[in-house]
Amino acid sequence: MTRAFSSGPAPHMPAPPTVAGVMTQVLIALVPGIIASAWFFGPGVLVQIVLASGFALAFEALFLRCRGRALQPFISDGSAVVTAVLFALCVPPLAPWWVAAIGMAAAIGLAKHLYGGLGQNPFNPAMVGYVVALVCFPAAMTQWLSPREIATAVPDLAAVLQAIFTGTLPGTLSIDAVTRATPLDSLKTGVEAGRFVSEIRQSPVFGDFGGRGWEWIANAYALGGLWLMYRRIISWHVPVAVIGSVLLISLPAWLLDPGANPEPLQHVFSGGLVLGAFFIATDPVSGCASPRGRLIFGAGVGIITLVIRRWGGYPDGVAFGVLLMNMAAPLIDRYTRPRVYGR
Amino acid sequence: MILDEVNAVGERLHRFPGGLRLRHHKQVACQQPVERPPLPAVLVVPMRQQAGPEATPVVSVGDPVLKGQLIGGDPSGLGARVHAPSSGRVTAVEQRRIGHPTGQTGTCVVIKTDGLDEWPPTEPVPDWREACAVDLQAQIQAAGVVGLGGAVFPTDRKLDGGRAAGIHTVIINGAECEPWIACDEMLMREHPRRVVTGTLVLMRAAGAEHGVIAIEDQMGAVGAALERAAVELGDDRVRVVRIPTIYPEGGERQLIQTLTGLEVPAGGLPQDLGILCQNVATADAARAAVIDGQPLLERNVTVTGNGVARPRVLRALLGTPVGELVTAAGGYTPGAARLVIGGPMMGYALHDDSEPVVKATNCVLVLDQAEIRPTQPEMPCIRCGECARVCPARLMPQDLQFFIRSGQLDSATDIGLEACIECGCCDAVCPSHIPLAEWFRHGKAESRHQARERAFADRARERHQAREARLEQAKAEKAARMARRKLKLVSDDERKRQVARAIERAKAAREKQAGAPPSTPRDGEPDE
Chain A
1 MTRAFSSGPA
11 PHMPAPPTVA
21 GVMTQVLIAL
31 VPGIIASAWF
41 FGPGVLVQIV
51 LASGFALAFE
61 ALFLRCRGRA
71 LQPFISDGSA
81 VVTAVLFALC
91 VPPLAPWWVA
101 AIGMAAAIGL
111 AKHLYGGLGQ
121 NPFNPAMVGY
131 VVALVCFPAA
141 MTQWLSPREI
151 ATAVPDLAAV
161 LQAIFTGTLP
171 GTLSIDAVTR
181 ATPLDSLKTG
191 VEAGRFVSEI
201 RQSPVFGDFG
211 GRGWEWIANA
221 YALGGLWLMY
231 RRIISWHVPV
241 AVIGSVLLIS
251 LPAWLLDPGA
261 NPEPLQHVFS
271 GGLVLGAFFI
281 ATDPVSGCAS
291 PRGRLIFGAG
301 VGIITLVIRR
311 WGGYPDGVAF
321 GVLLMNMAAP
331 LIDRYTRPRV
341 YGR
Chain C
1 MILDEVNAVG
11 ERLHRFPGGL
21 RLRHHKQVAC
31 QQPVERPPLP
41 AVLVVPMRQQ
51 AGPEATPVVS
61 VGDPVLKGQL
71 IGGDPSGLGA
81 RVHAPSSGRV
91 TAVEQRRIGH
101 PTGQTGTCVV
111 IKTDGLDEWP
121 PTEPVPDWRE
131 ACAVDLQAQI
141 QAAGVVGLGG
151 AVFPTDRKLD
161 GGRAAGIHTV
171 IINGAECEPW
181 IACDEMLMRE
191 HPRRVVTGTL
201 VLMRAAGAEH
211 GVIAIEDQMG
221 AVGAALERAA
231 VELGDDRVRV
241 VRIPTIYPEG
251 GERQLIQTLT
261 GLEVPAGGLP
271 QDLGILCQNV
281 ATADAARAAV
291 IDGQPLLERN
301 VTVTGNGVAR
311 PRVLRALLGT
321 PVGELVTAAG
331 GYTPGAARLV
341 IGGPMMGYAL
351 HDDSEPVVKA
361 TNCVLVLDQA
371 EIRPTQPEMP
381 CIRCGECARV
391 CPARLMPQDL
401 QFFIRSGQLD
411 SATDIGLEAC
421 IECGCCDAVC
431 PSHIPLAEWF
441 RHGKAESRHQ
451 ARERAFADRA
461 RERHQAREAR
471 LEQAKAEKAA
481 RMARRKLKLV
491 SDDERKRQVA
501 RAIERAKAAR
511 EKQAGAPPST
521 PRDGEPDE
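Protein sequences, first through last, are from chains A and C. In this text, residue positions in the first sequence follow the UniProt record's numbering: the first is 1, and each later residue adds one. In this text, residue positions in the second sequence follow the UniProt record's numbering: the first is 1, and each later residue adds one.
No lab work stands behind these hints: they were computed from the structure. Careful, some of the hints might be misleading.
[To be verified] Short derived list, chain C residues pointing at chain A, Cβ under 10 Å: (1) L22; (2) D117; (3) A266; (4) A309; (5) G343; (6) M346; (7) P380; (8) R383; (9) G416; (10) S432.
[Claimed, not checked] Far from chain C by the CB rule (all over 10 Å, computed), these chain A residues: (11) S6; (12) I249; (13) L324.
These numbers come from a predicted model, not from an experiment. C-beta: ideal position from N, C-alpha, C; glycine also.
Given only the sequences and the hints, what does the whole structure look like? Please build it.
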């Protein structure tokens, strides 16, 4: 009469999504932005993604092996690929192959496995990789392509591969013809040279409300980010705080002195702010966990970004904003814990 | 102020933090009326079916028993009495497994039933509406009534503590938030008058003025039936409130927050707010004890899940083996894979179906493979924060598990470990499949253990210090005694010397009188 059954802990429910599932959703949400980037800057974007992903997985395997861990399930959890794709979207499309190699070695080795692997990293791995590459190879990291609309020529796949792996372009394309300062570069150097923002904005690198091309890429990222919010993969706090703080601070500055300060939308839609707000600052591992903490974290990222853009040595400050706030995150979390029930 | 909130119950509902909206499967078991399964040949009645100490068997092997006869006494008054669920003969009093995930054993009285189901005459409280609260409580205690919602706390003790603290409102918890359980819903649907009467009995026993029966808004006609019953019984002090269906609002703290917006203070009880919470079935059991004089012998059990052929709610005698209930519900389907006592969120899996129904058994859930979590590797926490979002106690489970794992129990306690109600919401959403609630149960047990050890060490240290002080004092007293004795010796010598000097002086005086010149002059020693 008695019958035996399998045991297991509660809840006795079908499983929630897995870590790999979460990472896959993030990758899916990046698709619109990737398509837009590839449209405006050519196939180099895709080559960088493939390159970085390959290096990321190779380093992931290497470091897991070094730490004496099993490859599975970690190699397929998707976290290394997400790091790689975010990194690849931040580097210039024609950056030489060793930029991806160095960047991923720093991201996966230094930022992730040195601290204990998945879930243990205090800093955002993609941004650590990006900043290491930026500091070590400033020239290679700042040679951006012109967006399709104003480029004299968009390099095709063969030209891209040749540029990335040999460092030269085919004779039909010269490096000066394809690379150009980013909108934020132009703004920064222009303002420092004492020109008015309205004058600088006459340059063809600027579009309607952001950088030409960049503004549409930002829209595509925002689309993916909103989908992530809808799927509850990310909470609204960080993106709203990042973009909100940038708007809130740049608006009065622009109203007071429109000659020296770009309008708020310009800040949001040029450079890495939207990508950073939805996909980078929202990294749960290195960010804040409590809702109030996330608001403070996001606002910090926004403010630091603006400060670096205005007074710092780099045209864009999102990566530094994220890394600096990563440092503050544990402390912020400590002081923003929600009130426990009944206390 | 608190009373204002309670008076506003039903007009304005509040929202507790977190929680999950789960897909419900209650209707599956609600299709047929509640029936009694055939009388089992053997009943296995554990002596411990509630919080508090085990009852003491008062029958021996070979004794005949009648239905409702006391078989387990509660000499301490901290547990609950146990009665024979049917008539027959005691065939064993022994240790058996008592439906616990760890396979824990306890004393059980095994009764071979005689099929007569024979009652002795019962002794109800003569006029319960006039009876005093203490008498009602004594009757409820005699009947072995415990909370039937799952926590199985002895009802008389809750009433006792509540009356001492001052209760103005009795909340009857009809929110069965676990997705498959429907035994309370069936009880309210089939016997609304019994539930309302039970509410009034508990209100009288607690000295409360207000009664609230909280049900889920998806229970359809149940609310109207209860309201009609309240009108028929002519008592307008009992209100019925429909609340939205969000797991785990059946937890009394969440329910109180939903109804009043108030939080039970940390380390406190609902009675601190003047509220007594009891489950629907407990109210009915209290009613049966007081009005019918019947001890707690049976309860509604939901037998359901895709692993059961004809899911339904059964009125089962305590001690009925779980397997027989499933047989009465059509038996297992071929896909039956896991046997759970309780709901899918908080229930525990049994290894086999021989264990008996106890006072806490509200559901026998048989799930098939597709409905349970496949065994997957546990991944590191990625701090996604889903657990914190769904936590009804506003905890941050990701940090709690980190502290417990690394042995920092004090830090875990600081950030609210004790506020965890083990509802399992965090488990249900964790993408890393970390058994969070299990860690928290472990952490709580470990932290209580450490507190006990600490208290023990403190007591030992105090004892040691007291002993040291005692020895010290004895030594001091001894030294003082010695000093006094020495002083006495000294003064004895001194006296002798003084006497000797006096004799000397007297002798000298005599010699002087006798014409001799004075001999020794006074040597300056002070005379005392």
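Going through the hints against the structure:
1. L22: C:L22 check passes; min Cβ-Cβ to chain A is 8 Å, inside 10 Å.
2. D117: This hint is violated: C:D117 lies away from chain A, its Cβ roughly 22 Å from the closest one there, beyond 10 Å.
3. A266: Cβ of C:A266 sits 4 Å from chain A, so the hint holds.
4. A309: Interface hint status for C:A309: violated (14 Å vs cutoff 10 Å).
5. G343: Nearest chain A Cβ about 8 Å off; hint holds.
6. M346: holds, 6 Å
7. P380: Where the cut-off is 10 Å and the nearest Cβ of chain A is about 4 Å from C:P380, the hint holds.
8. R383: Hint holds; C:R383 Cβ to chain A Cβ min 4 Å, cut 10 Å.
9. G416: Holds, because the Cβ-Cβ distance from C:G416 to chain A comes to roughly 3 Å (cut-off 10 Å).
10. S432: Check passed: Cβ of C:S432 comes within 6 Å of chain A, closer than 10 Å.
11. S6: violated, 6 Å
12. I249: A:I249 is indeed farther than 10 Å from all Cβ atoms of chain C, at 27 Å.
13. L324: holds, 19 Å
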